[in-house]
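Chains as they are written, first to last, in the numbering used here: chain Y, 1 to 306; chain R, 1 to 296; chain L, 1 to 443.
Quick caveat, the hints were computed from the structure, so don't treat them as lab data. Treat the hints with care, as some may be off.
Computed cross-link-like contacts, DMTMM-like style, restricted to lysine to aspartate or glutamate with a CA-CA straight-line distance of at most 20 Å [unchecked claim]:
| hint | chain 1 | residue 1 | chain 2 | residue 2 |
| --- | --- | --- | --- | --- |
| 1 | L | LYS80 | L | GLU70 |
| 2 | L | LYS432 | R | ASP67 |
| 3 | L | LYS422 | R | GLU12 |
| 4 | L | LYS340 | L | ASP192 |
| 5 | R | LYS252 | L | ASP411 |
| 6 | R | LYS252 | L | ASP136 |
| 7 | L | LYS100 | Y | GLU196 |
| 8 | Y | LYS191 | R | ASP67 |
| 9 | L | LYS415 | R | ASP241 |
| 10 | L | LYS398 | L | ASP192 |
Covered by chain Y, per the in silico footprint, the following chain R stretches (three or more residues, Cβ under 8 Å) [as the list claims (entries may be wrong)]:
| hint | region |
| --- | --- |
| 11 | 32-42 |
| 12 | 258-271 |
Virtual Cβ for every residue (Gly too), placed ideally from N, Cα, C.
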Amino acid sequence: MSISTAQSRDAEWTARAGKIRRILFYAILIFWGLLSIAPLYFTLVFSLKPVADTYTPPIWWPTPFTLNNYETILKTFHLFPRWIWNSVTISVSVSILRVLFCAMAGYAFARINFPFKNFIFNLLLVSMMMPGVVTLIPSFLIIGPGLIRGGIPLGNLTIPTGFNLIDTPAGVILPGVADAFGVFMMTQFYKSFPRELEEAAMMDGSGRWGTFLRIVLPISQTQLLTLGLLTFQGAWNNFMWPLLVLRTPEFFTLPIGLQWFRGEYYTLYSVVLAGSLFNTLPMLIIFFVFQRYFIRSIASTGSKEG
Amino acid sequence: MSIILNRKKISEAVTGYLFISPWLIIFTIFSVVSLVYAFYLSFTSYNLLKPPQLWGLEGYQRVFDDDLFLVKALPNTFKYVIIVVPIQTLLSLILAFAMDQKLRLQRFFRTLFYLPSVTSSVVISLIFIWIFAPQGIFNQITGLTINWLDNPRTAFYVIMGMNIFTTSGTLMLIFLAGLQDVSTSIYEAAQIDGANPIQTFVYITIPMLRPVIFFVVTVGIIGCFQVFDQIYVMTAGGPLDSTTTVTYLIYKWAFRDTTIKMGQASALAVILTFIILSITLIQRSIIEGSGSSAES
Amino acid sequence: MKKIEKVLSMLIIVAFVLAACSTPTPEKIVERVVEEKTKVVKETQIVEVPGKAIEPTIVRLSGWASSPSETALLESLLYKFSVENPNILVKYEPITGDYKQVLLTSIVSATEPDIYYVDIFWWLELATNDVLFPLDDLMASTGTKHDEFIPSLIEAFTYDGKTYGIAKDFNTLGMFYNKDLFDKASLEYPTDDWTWDDLKAAAATLTNTSDANKPVYGFCTPPDPGRFPAFVFQNGGMVMTEDYSDTTLDSEAAVGAAEFYTSFRAEGSGVLPSDLGEGWQGTLFGKEQCAMVYEGGWLIPYLREQFPGTQYGVVMPPAGPAGEGNLIFTVAWGISANTKNAEAAWKVVNFLTNEASQRTVLESGFALPTRKSLQNSDYLTNNPNSAAIFNGSFNGAKPFFWGAVGSDVNDQMGKALERVFKEKQAVADAMKQAAEAIRKAMQ
């Protein structure tokens, strides 16, 4: 990489190359940008066309135009609003509980001394390496029928080995509220955070809990919001677990409902497309509003290794 | 004095446990107990109707005797990983590099690229089923008449393509963050040395990004080994098992087949876990062995 | 004679159930035998039971939820039952969603209902794991005879000499044909006497693919294990040996049937639903893109709701070289082996499958009755489409059931056909491969 003697010619070449390069980079960005938006655009276009025109051109513009599909979703087909509501309640519950529990645990790991702390933390690290599919079957048995038929008899009592939460929202929520990565993330955060503020509060006589609620939670706002958003996105889009737990259409979340609807009414694909927008749009809006946090959270997942 | 100290210690320990208990209880049940029980189940025969019966390694043996596993699921899964991981890593790296060129509208493109990742796997699958239907938009635009998802030679590639499409946005953001961490002075030095962008990319960017690349590849491998939603929604493992993956097979054995095979499915889940763990560890040792140049 | 027998048996159950519930014997049971056959049972009443109100025996009953009107029908039958049997309280708990999954999980947690639907396709799994109650003794206790039901339906739920389910209704395959498309091709409508050659010729004539956006095919040949075996039977073959210990899919008859079945598409007169981007041939039939399909009675309400204008008829599937052949799909009432009230549960099942109930079901048009005696009912005479499907059960029909490895058999049959359709594998090779895979699964 030595500098050549014919400097002027080289400079000219560099300038031209720079221009070509910029065009090339723009071309890449525009191409991928168009590709990224295409499925969403087509979905929107065809959700505004009649059911009979599910595959009929024109594909770029919704003619003939109709709002029937949205009417079907919001008025005629009573299950859609329920699915949306189920998705909202489940995702919000999972997010709030997980953020709270992860913050509590993370704070304890970072600040409080208790026996077996390192052991438990190592267990947590190991569990982060485990692929989720390995605990799928036992988790299903625990949430549902139990590991042992009829429970463990203990004198007159029988201890159930399952929660019997199949086909309930709680069954979807419960395993989701404890997350190893979230605790790890919060622990790292609290460890890096100066103790002085808390110590001052402790001096003032507020106990651990008071300090946690009044000082620690507020200072970690950003971090909590980031974790919350990440959790919300995961819960909102989750498929495999609700698929196993939920059976009755009334209790379905939106992704399960959409998939089920497609199976039951396969001639109404335009309605499926319209319904899918109800899954995508809220996430999109949240993403626009909290873009900063999303990008931070994703960037932070990248730098945690290495 | 020591009693007071002890009491303080005990109260500290109690507080500590109170703080972690909500998380710890659920974590213990769904991660620790589940994991142990998964191992136990893998040595049993369990059809849900009768209690699990220990049968040693029979379940593992059956997994390795099963044609659907040997001929379809295992090769398919490896094929999926080998095709998807490099492409999505390279593609997102290129996109991130292009984004990092201080071009205008950077934020706009960033949002645009992230769109497919916001969409849930089910929704994007439902959309792709429709786009790739025989009379669908893809065939209309290209003038082809292929029945993409019903053809054993094409179905799996459509799913791969879709996954590359959806994950590249997220991975791009990770790379972008990594790129922005690389200090600009290094680039400036390279520019003074007369390096062109491709040289900069190969000799500076990639080595500097080594830890991030490791992370992206690891996450990619773990994710790809467990691909399920898209398969379930788009092809249910068909046509002719051409899209059956290991995770889908676990699901099929444990929840779908007429004769439920929870034990055998658990054995396969354990096998899959070992495959994923060993690949991650091998990869880590390679990366560390070659001397990672950057710390972050 | 039969009437009196029935009344007596009814009385015996009542007494039996009451005794079983360890309640005081009712002081008197008043029964009036009214001349009309159907009313006999209704008039049996228990009047005046001494002591305080008896705790009723609770029996839980589950099935998958079908259409609201069908559910209403079952509820009305159960109401009738409760009027006659105030001491038994039937709790109907329909299951929406994945029925088998829900049932299995309830069995694991020991919360399964006392009575539940068992599908022909997977009941054996339950029976061999001792989860189902053998019904023979209960049947004897009420004098319900096996031969009052269509023989193949009783046989379908018999294992090791014991009966584990009473078929609640059934379906066979009928050949649905679109009258408009037949008229357009100026072809005579099919009859019950058609043969494979007629089918082949008609399929070719009916095919018209000139409109690329809406091609019309004569016949639909999905790679569906719920359709193809009928052709094997018609060709004198079997899917499994008599005792289900081996498969006969690689026999000459089965291979011949597969040759015939796959020849439609090869010759351009047949189509797979997936070729046209559909999941089910019923939809293609409704859209008039397929002139003939083999389907069960479930297609009738589907067409009524989704494609009300369709002009169609139903005949029995055309006979093959070895005569008639058909498949029977059926669902039975099973009783849980863990029930605490087997007698009460049986009473409910017996009521739901007695002649009066079955007649009500038949006349509502939802399902076909499983009792032989209803073969000549007015309803079937007036509804030739349903009659074609009912009569299919007497003409070479065999249950849709292949023994313990049933799901493997179905899987392999479907895949063999798919390989022929999509990978151009030779038919004999495809069937041989399927048979070998099934044998492997059996070990």
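For the pair supplied as a hint, LYS100 (chain L) and GLU196 (chain Y), is the alpha-carbon distance within the 20 Å limit?
violated, 59 Å
Taking 8 Å as the C-beta cutoff, is the stated coverage of the region 258-271 of chain R by chain Y satisfied by three or more residues?
Holds, because 5 residues of the region 258-271 of chain R bring their Cβ atoms closer than 8 Å to Cβ atoms of chain Y.
Does the alpha-carbon distance linking LYS252 (chain R) and ASP411 (chain L) stay inside the 20 Å limit?
holds, 13 Å
20 Å Cα cutoff - pair LYS80 (chain L), GLU70 (chain L):
holds, 16 Å
Are the Cα atoms of LYS432 (chain L) and ASP67 (chain R) separated by 20 Å or less?
holds, 15 Å
Measure nothing beyond the straight line between the CA atoms of LYS340 (chain L) and ASP192 (chain L); if it is 20 Å or shorter, mark the hint as holding.
This hinted pair is violated, its Cα atoms lying about 48 Å apart.
With the threshold set at 20 Å, check whether the alpha-carbon distance from LYS398 (chain L) to ASP192 (chain L) stays at or below it.
With Cα atoms ~18 Å apart, LYS398 (chain L) and ASP192 (chain L) stay inside 20 Å; holds.
Does LYS191 (chain Y) pair with ASP67 (chain R) here, judged by a C-alpha cut-off of 20 Å?
Violated: LYS191 (chain Y) and ASP67 (chain R) sit about 51 Å apart, past 20 Å.
Does GLU12 (chain R) sit within 20 Å of LYS422 (chain L), going by the straight-line distance between their CA atoms?
Given that 20 Å is the threshold and the Cα spacing comes to 69 Å, the pair is violated.
So if I understand the rule, the pair passes when the alpha-carbon distance is 20 Å or less; does LYS252 (chain R) with ASP136 (chain L) pass?
The given pair, whose Cα atoms are some 35 Å apart, is violated under the 20 Å limit.
Please verify whether LYS415 (chain L) and ASP241 (chain R) have alpha carbons no more than 20 Å apart.
holds, 9 Å
Coverage assertion for the region 32-42 of chain R with respect to chain Y, Cβ distance below 8 Å, three residues required:
holds (count 7)
The earlier numbered hints that this structure contradicts are 3, 4, 6, 7, 8.
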